[in-house]
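Please model the complete structure; the sequences and the hints are all you need to start from.
With full-length UniProt numbering applied, the sequence shown covers 1 to 418.
Check before you lean on any hint, since a few could be wrong.
Below, a list of computed lysine to aspartate or glutamate pairs in the EDC-like style, where the Cα atoms sit at most 20 Å apart [stated by the list, open to error]:
| id | residue 1 | residue 2 |
| --- | --- | --- |
| 1 | K90 | E146 |
| 2 | K334 | D273 |
| 3 | K89 | D383 |
| 4 | K89 | D126 |
| 5 | K90 | E125 |
| 6 | K90 | E45 |
| 7 | K334 | D383 |
| 8 | K89 | D151 |
| 9 | K90 | D306 |
| 10 | K89 | D306 |
| 11 | K90 | D126 |
| 12 | K90 | D363 |
| 13 | K334 | E293 |
| 14 | K334 | D306 |
| 15 | K89 | E125 |
| 16 | K334 | D370 |
Note that these hints are calculated values from the structure, not bench results.
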Amino acid sequence: MSDHHHLTGDHHPSPASAATTALGPLLLLPSELLHDILIRLALPELLRVRSVARPLSHVISSPDFRRLYHLSSAASGPGPAAAWLLVFKKLRPRDAALRGFHGPSGRWFRIPVSAILAPAVPPGEDLYFLAASGSSFLFAANGRRELVVVDLSAHAARRLPPSPLGPRGTSSWRRFGLKLVADPPGSSQFRFLFAELVNNTPLLFEYQSETDTWQSSEAVQAEGASTAAGTEGTFLCAAHAGPDCVMVYSGPGVERPVFFRPRFPHNPNGGGDRLHVYGDGSAAVVRSTVIDEPGRPRVKVVAGVDLYGFGSVVGGDWQLASTVPGELVEGFRKPYAVMTGLLSEREGVVRLVLISNCRGAWDIVWLSYDRARGEWWWVPVPDWGTKGLNVAGIAVSSTFSRLWPPAAASSCTTTTSQ
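Have a look at this one:
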């Protein structure tokens with residue numbers, strides 16, 4: 001969608017009336033065809049149309065269309081479908097904004113949160129973006145050492161009470177050990193879980209927004225690979241150092257959280273530099289080759305990516321699930337100095353995001369793997385002015401497209417570079 005056009009003078013029609021006039025032929029289309037056109041829009045574009053075109057607002061806000069759009073978002077296929085890559089740019093709170101990349105449309109959108117954050121975050125606060133699910137976006141405030149949640153649908157922000165571990169700065173939160181879950185799905189209520197190794201004991205902490213309270217549980221050691229993992233269960237990494245990690249599982253099949261220390265099998269592709277990325281009961285091992293050239297800074301290039309999992313049991317070792325095809329790896333082999341990653345899974349689709357930096361320029365690689373089909377996708381992510389960018393958190397959300405904020409909160413806009 002185009003940016004806002006500011007009109008001046010007494011004889012210019014309002015944007016709403018101008019949009020209504022321009023949409024005249026469109027409004028004459030049969031409702032089935034009109035719905036088919038509208039469901040192809042990304043959520044920010046749809047909300048923009050609803051805000052400037054009153055006749056279409058009635059169509060977009062109708063229960064029938066909302067139900068159709070939700071079903072389309074949920075069932076539009078594997079890979080990048082219905083998924084968003086969210087990146088937070090480290091700026092002052094009054095300029096704070098999330099950038100959301102919509103896979104199906106191949107475009108970046110700006111999701112302003114500054115006005116929403118202002119009542120809950122004092123000026124000058126150092127924020128870090130932790131996670132997103134549905135309409136909830138979770139931030140850690142380093143100065144006040146507390147958590148702040150933004151509810152995009154309610155256009156509101158509030159601070160969470162301290163966890164049982166007390167106030168925590170941004171460096172205390174580990175991406176592999178936390179998860180935000182809209183519960184029930186589609187609502188503004190949520191659960192926030194994180195696992196931590198405290199005095200060498202794995203603990204699971206859970207915050208429930210409905211009661212505004214925390215609960216903590218000590219995990220017990222799993223009795224071998226004998227417990228079936230439920231599809232609604234949660235895997236969190238309580239601690240990790242390279243290939244060594246402590247995994248905590250909670251959910252169906254266990255009365256209380258359990259922990260185990262899975263080991264990786266011998267890899268014939270061993271050697272070289274390795275990055276381990278954990279998430280949702282899976283692990284991605286990114287194998288890289290070091291390039292040393294006289295007189296030039298040392299860099300690396302990705303040589304291969306392997307995906308591991310536990311199968312259907314809790315307590316076992318890592319098992320190789322799939323390897324990214326070499327032809328896909330060749331497409332994103334670029335020199336990098338440092339790299340981090342994010343791994344998530346929903347409805348049988350694993351999404352791996354690798355974000356790297358080389359000489360001040362950031363690069364983002366988005367890979368998706370459909371377990372049922374055994375197929376990998378590489379989703380090209382265009383640059384949006386990341387030179388010198390200080391990234392302050394990334395997340396992947398497959399539920400953002402199912403969000404339906406009120407018209408007053410329709411503030412997403414298209415961006416090309418910022």
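Now for the hints, and whether the structure bears them out:
Between K90 and E146 the CA atoms are separated by roughly 17 Å; this keeps the pair inside 20 Å, and the hint holds. A hinted pair counts as satisfied when its Cα atoms are at most 20 Å apart, and K334 with D273 qualifies at roughly 15 Å. A C-alpha spacing of about 14 Å is found between K89 and D383, which places the hinted pair at or below 20 Å, so the restraint holds. At roughly 11 Å between alpha-carbon atoms, K89 and D126 fall within 20 Å of each other, so this suggested pair holds.
Among the hinted pairs, K90 with E125 is consistent with the structure: their alpha-carbon atoms are about 11 Å apart, no more than 20 Å. A C-alpha spacing of about 25 Å is found between K90 and E45, which places the hinted pair above 20 Å, so the restraint is violated. Distance hint between K334 and D383 is fulfilled; the C-alpha atoms sit about 14 Å from each other, no more than 20 Å. With a CA separation close to 19 Å, the supplied pair K89 and D151 stays within the 20 Å bound.
For the given pair, K90 sits about 31 Å from D306 by alpha-carbon distance, which is inconsistent with the 20 Å threshold. Proximity of K89 to D306 is assessed by CA-CA distance (about 29 Å); at most 20 Å being required, the pair is judged violated. Note on K90 and D126: the hinted pairing holds, with a Cα-Cα distance of about 8 Å set against a maximum of 20 Å. Taken as a hint, the K90 and D363 pair is honoured in the structure, with Cα atoms around 16 Å apart against an allowance of 20 Å.
With a CA separation close to 16 Å, the supplied pair K334 and E293 stays within the 20 Å bound. Proximity of K334 to D306 is assessed by CA-CA distance (about 18 Å); at most 20 Å being required, the pair is judged to hold. Simply put, K89 and E125 have alpha-carbon atoms about 14 Å apart, close enough for the 20 Å limit, and the pair holds. Between K334 and D370, the direct Cα distance comes to roughly 25 Å. Violation of the 20 Å bound is thereby established for this hinted pair.
In this structure, the earlier hints numbered 6, 9, 10 and 16 are contradicted, and the remaining ones agree with it.
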